[in-house]
Amino acid sequence: MQFTTRNSDAIRAGEVTLTFRNWRRPHAKVGNVYRLRPHGAIRVTAVSQLRISAIADDDARRAGFEDVGALAAFLKVGHDAQVTRVGFELADEQDLRRPPDLGLEDVLGRLSATDRRSASPWTGRVLTLIATHPGRRAGDLAPTMGWELPKFKANVRKLKALGLTTSLEVGYRLTELGERALTALRGDA
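At position 138 of the sequence shown the residue is numbered 138 (the numbering used here), and the sequence of numbers has no breaks.
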């Protein structure tokens, strides 16, 4: 979830605690932490969908607008349009480094989406490689995927962001969620 710099200072001051988005489906999840540029973070506390006509002027002001009319104009929607209301609070930037609290189905969905966007599906192969060789240097693992080291490390970071891997002093290992995901991907579940 991105914020314009228009509201960044007001968000950090605690004056703006809501945002409204013209999304077909919600893109934010309760409990997830998102970066606030150029520094800071917010944690989503509530997500709901409603019509612009159901928004009170007070909520529009909590989102940084003078009234609902200004909010609708900013979103470029009519008063009968359905929008997503996202409530949030300030969070510690350290929370950005913690993996989100995802369930196995969410993780499998994200892995599938990642593989669909890739020219060659790789998530299951990398999880298998790490499971088979825990603690092995990234420089040793990257060539087995046919990748340069920076690409390998970047993709492992994507898996780590989902809570599937953890870095060791040397190499990586799967987390408990990573092991469950790999089992499901193999069809052993």
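Bear in mind the hints are in silico, worked out from the structure with no lab data behind them. A couple of the hints might just be wrong.
[What the hints assert, rightly or not] Cut-off 25 Å, straight-line C-alpha distance, at most; resulting in silico cross-link-like pairs (SDA-like, lysine to any residue):
#, residue 1, residue 2
1, 160, 28
2, 160, 184
3, 151, 35
4, 29, 119
5, 76, 102
6, 160, 59
7, 153, 177
8, 153, 119
9, 76, 120
10, 76, 119
11, 158, 102
12, 76, 139
13, 158, 139
14, 29, 8
15, 160, 124
16, 153, 171
17, 153, 128
[To be verified] Pairwise CB distance ranges, derived in the manner of DEER restraints:
#, residue 1, residue 2, range
18, 120, 78, 42 to 48 Å
19, 151, 69, 46 to 52 Å
20, 144, 67, 48 to 54 Å
21, 24, 73, 16 to 22 Å
22, 78, 173, 28 to 34 Å
23, 30, 146, 38 to 44 Å
24, 56, 148, 50 to 56 Å
25, 169, 76, 18 to 24 Å
26, 179, 73, 46 to 52 Å
27, 109, 169, 31 to 37 Å
28, 9, 186, 46 to 52 Å
As the structure is a computational prediction, the values presented were derived from the model and not from experiment. The C-beta atom is built at its ideal place from N, Cα and C for all residues, glycine as well.
Verification of the hints:
1. Restraint check for residue 160 and residue 28: satisfied, since their Cα atoms lie roughly 20 Å apart, inside the 25 Å limit.
2. With a CA separation close to 18 Å, the supplied pair residue 160 and residue 184 stays within the 25 Å bound.
3. The straight-line distance between the Cα atoms of residue 151 and residue 35 is roughly 24 Å, inside the 25 Å bound, and the hint therefore holds.
4. For the proposed pair residue 29 and residue 119, the alpha carbon gap of about 28 Å is over 25 Å, so the pair is violated.
5. The hinted pair formed by residue 76 and residue 102 fails the criterion: a straight-line CA distance of about 33 Å is larger than 25 Å.
6. Between the alpha carbons of residue 160 and residue 59 the distance comes to roughly 36 Å, so the proposed pair goes past 25 Å and is violated.
7. Under the criterion of a C-alpha separation no larger than 25 Å, the hint pairing residue 153 with residue 177 is consistent with the structure, at around 20 Å.
8. For the hint pairing residue 153 with residue 119, the CA-to-CA distance comes to about 18 Å; that is within 25 Å, so the pair holds.
9. Annotation: proposed proximity of residue 76 to residue 120 is violated, straight-line Cα distance about 39 Å (limit 25 Å).
10. Of the supplied pair hints, the one linking residue 76 and residue 119 is violated, its CA atoms being roughly 36 Å apart against a limit of 25 Å.
11. Only pairs whose Cα atoms come within 25 Å are accepted, and residue 158 paired with residue 102 is accepted, the gap being roughly 14 Å.
12. Pair hint residue 76 plus residue 139 does not hold up; C-alpha atoms about 50 Å apart against a cutoff of 25 Å.
13. The suggested pairing of residue 158 with residue 139 holds, with an alpha-carbon distance near 17 Å, which does not exceed 25 Å.
14. Between residue 29 and residue 8 the CA atoms are separated by roughly 20 Å; this keeps the pair inside 25 Å, and the hint holds.
15. Restraint check: the Cα-Cα separation between residue 160 and residue 124 comes to about 14 Å, which is no more than 25 Å; the hinted pair holds.
16. Taken as a hint, the residue 153 and residue 171 pair is honoured in the structure, with Cα atoms around 10 Å apart against an allowance of 25 Å.
17. A threshold of 25 Å between alpha carbons decides the hint, and for residue 153 with residue 128 the separation of about 15 Å falls inside it, so the pair holds.
18. A hinted range of 42 to 48 Å for the beta carbons of residue 120 and residue 78 is consistent with their spacing of about 44 Å.
19. Taken as a hint, the range 46 to 52 Å holds for the pair residue 151 and residue 69, whose Cβ atoms sit roughly 49 Å apart.
20. At about 59 Å, the CB distance of residue 144 to residue 67 disagrees with the hint of 48 to 54 Å.
21. For residue 24 and residue 73, the Cβ-Cβ distance of about 20 Å falls inside the hinted range of 16 to 22 Å, so the restraint holds.
22. Our hint of 28 to 34 Å for residue 78 and residue 173 is violated, since their Cβ atoms are close to 53 Å apart.
23. Under the hint 38 to 44 Å, the C-beta atoms of residue 30 and residue 146, about 39 Å apart, fit the expected range.
24. Taking the beta carbon of each, residue 56 and residue 148 are about 54 Å apart, inside 50 to 56 Å as hinted.
25. Between residue 169 and residue 76 the C-beta distance comes to about 52 Å, which lies outside the given range of 18 to 24 Å.
26. Between residue 179 and residue 73 the C-beta distance comes to about 50 Å, which sits within the given range of 46 to 52 Å.
27. At about 32 Å, the beta-carbon gap between residue 109 and residue 169 stays in the expected band of 31 to 37 Å.
28. At roughly 49 Å, the beta carbons of residue 9 and residue 186 sit within the given window of 46 to 52 Å.
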